[in-house]
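2 protein chains.
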Amino acid sequence: MTAADTATTAQEFDLIVLGAGPIGETLALAVAKHGLNPAIVEHDLVGGDCAYYACKPSKALLRPIEVAATTKHLRGVETSHVGADELLKRRDEQVSNYDDSGQEESLESAGVTVVRGHGQLSGERAVEVHGRDGGTQTLRASRAVVVTTGTTPNIPPVFEGIPVWDSQDATSVQDVPARLVIIGAGAVACEAATWMNSLGSKVTMLVREGALLRGAEPFVSDILTDHFSDASIDVRFFTEATQVQRPDGMDQGLGKVKGGTVSIRTSEGETLQADEVLLATGRRPALESINLESIGLSPQDVLEQRTPGWLHALGDAGGKHQLTHMGKYQAKQFAAEFLGQQLHELSTEPPTPQVVFTDPQVASVGLTEDTATDAGYDVVTGEVDFAGVWEPVYYATMLLAKARLWLIKPPVVCWVPP
Amino acid sequence: MTAADTATTAQEFDLIVLGAGPIGETLALAVAKHGLNPAIVEHDLVGGDCAYYACKPSKALLRPIEVAATTKHLRGVETSHVGADELLKRRDEQVSNYDDSGQEESLESAGVTVVRGHGQLSGERAVEVHGRDGGTQTLRASRAVVVTTGTTPNIPPVFEGIPVWDSQDATSVQDVPARLVIIGAGAVACEAATWMNSLGSKVTMLVREGALLRGAEPFVSDILTDHFSDASIDVRFFTEATQVQRPDGMDQGLGKVKGGTVSIRTSEGETLQADEVLLATGRRPALESINLESIGLSPQDVLEQRTPGWLHALGDAGGKHQLTHMGKYQAKQFAAEFLGQQLHELSTEPPTPQVVFTDPQVASVGLTEDTATDAGYDVVTGEVDFAGVWEPVYYATMLLAKARLWLIKPPVVCWVPP
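Line by line, the protein sequences are chains A and B.
In terms of my numbering, the first sequence opens at residue 619 and continues consecutively.
In terms of my numbering, the second sequence opens at residue 619 and continues consecutively.
In short, the hints are calculated from the structure, not lab data.
Worth double-checking, as some hints may not be accurate.
Identical copies go unnamed one by one, so any copy, or any two together, can satisfy a pair.
[Said to hold, decoys possible] Distance condition first, Cα-Cα at most 30 angstroms in a straight line; then the derived BS3-like pairs of lysine-lysine:
hint, residue 1, residue 2
1, K690, K707
2, K950, K874
3, K690, K820
4, K950, K690
5, K677, K950
6, K820, K950
7, K677, K690
8, K690, K651
9, K651, K874
10, K707, K677
11, K707, K651
12, K820, K874
13, K820, K938
Using the sequences and the hints, build the whole thing.
Here you go:
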């Protein structure tokens, strides 16, 4: 049965998932595997941002850059360079040329009904799906509706209404703008600066505060800023865009330059000219377009878990860690509970591992020294010169051997500098 | 006070360590840090095989080869090649040009007395050190003597008395033999085949049994053999050397070709000509030259822990895992016990992580499927296509996040195929 067959009457499912990213998929698959009947609603690509617009394309772009950078630093191997055209082809391969039919098929064949369109709540346990063809259908959940809609980009007021790039354009890059201004200094900003620089853009970063990757240990920003500067990425701290003009801008599709020169007046009084601007000013849970009002709720209610028992938000949409692996972990925990299985409950929340794939990479597990101190832990800090640990891979083996130590008394702060 | 000052009278120490490899160093440093007075005896380089003849030079040689191999497989970066001369220079750098003065200094400055020479037991808690200058001195331990002498290569009878390479020659390679025959199929044989092939040797491997890396999952041998074959490494299974001649052979120093052509008659009836032979037929605990007879013991007594309370063997010399990180772990456990500190005793022995740095790399944690089944575990096997896991680094992050699962109910078999 396809969704279209019953467009006029409400279809009934055990569980309705809004958003077919990795978190929604993980949950729907777990529920279907148990013999229940879940539906998943998606208005864009099945597989979500992670598969098409975030993790996967960004890592596809960054891995050859990392290898080329390694050849530059490593004696015994010829220096190699990135090939821009080949790099974009690799990205296209890794995102299956933005074709999600394989992913839809694997969900359907596992017993998950995929409903294409924009899903909105329309009452208790009810979801209305607005198809691209203009049609609307209603789904009902006998048990629960779970929101896994991910995030939506923050747009600083000064950029409101001006067509520029967001992170999806950056990972989908087709045109390489000669001059690119990046607004922001988080993981997306720093990773995109890395690949856009390698692709040939002259990158300028406008950073409101005084550091790159502010959530990281302070030394990370110093090291990364030095490397960016060596790579001719122009990092400007304590600088904001105060006025923006783009007379000829218009949307040309993802990854295409939006057209015409952008003029940016900065808080330092300078006017920058750019061929494109990337907004990497953070993302917030995508809760605004699912019509929470229909059940008398606001996004804030969802984030603070003031929801009826049949409604849940998981992953990025739930507002906790914006990390795919953490969201999948939540989805597995939720599925187990939903299915009445015994949970392998953790006595303490495990420390969160994460990596920013710049050159050098910034990898971390658990809290920073400051955060741990503020939380009342007695912190001991160790420093290891990574160059003295022979080989990163060997070191990784040792980290695995020691991994249990992190778990006996978390959080132990473990930073892996370049 | 240097050792030479008191050559005629016995010097007294709290602890005497035979062998200044990483295991001996770890132990001596822990004891010295506690205010006790340890001595460490070494006849070769302080730092041991790991620093000069095994882990460090082999990984120094293999890392650029790995990166060059990656450029071959990875779209988006130009193919790069290994530069043989630069590769050997990198190896020399990484082993500090075989100069151990820095390592001796750091031991001495930490309160460890370094005694140069060949150490042998000469009675209860007594050690005789035979210096290179022909002098002898006697050391006494008030508490314990710990043997951390590492391993010594096994020599198949057919090679007895014939000058050929052992693993130390292979890591110390100066001359690149045009035709190299490697006897063996373990980690040393496979890693050395990888770098000697990259340096330009035509490598033939004679393998007694039917697999490479016999301790690993069976599929590992199949994959590795295919890759070796693609790289023109000639692997001959079920083949042994039955007769060997090298009329003009003589020792020229580590890493130098021993001179003259070697003729090897194989069990298949063929005669191979080679410019060098590498024996990689395993190593056994180096317990034969420390004069155990003086206290009425044999090497077997030591391996089975039938020793008086003052005598211990740790690390490779103790005959357990031949892995530096496992030996260091033992040394830390021993030091804690010796110093009367509370041990963080593990309720079960942690699964052992290890890597063989071939192309592809072979990484493992814990038991193989067969070994686990034989040990009575109910084994579930999962297979993941590594190419489908996007990026090894991303996957490693996930492994770290999951690491605790290995520890809840070890052993979980975790194989990371290419």
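So, going through the hints one by one against the coordinates:
no., hint, in the structure
1, K690 - K707, "both (23 angstroms within a copy, 16 angstroms between copies)"
2, K950 - K874, "neither (37 angstroms within a copy, 58 angstroms between copies)"
3, K690 - K820, "both (21 angstroms within a copy, 28 angstroms between copies)"
4, K950 - K690, "neither (42 angstroms within a copy, 38 angstroms between copies)"
5, K677 - K950, "within (24 angstroms within a copy, 39 angstroms between copies)"
6, K820 - K950, "neither (43 angstroms within a copy, 52 angstroms between copies)"
7, K677 - K690, "both (20 angstroms within a copy, 18 angstroms between copies)"
8, K690 - K651, "neither (48 angstroms within a copy, 40 angstroms between copies)"
9, K651 - K874, "neither (40 angstroms within a copy, 62 angstroms between copies)"
10, K707 - K677, "within (13 angstroms within a copy, 33 angstroms between copies)"
11, K707 - K651, "neither (36 angstroms within a copy, 56 angstroms between copies)"
12, K820 - K874, "within (17 angstroms within a copy, 51 angstroms between copies)"
13, K820 - K938, "neither (34 angstroms within a copy, 56 angstroms between copies)"
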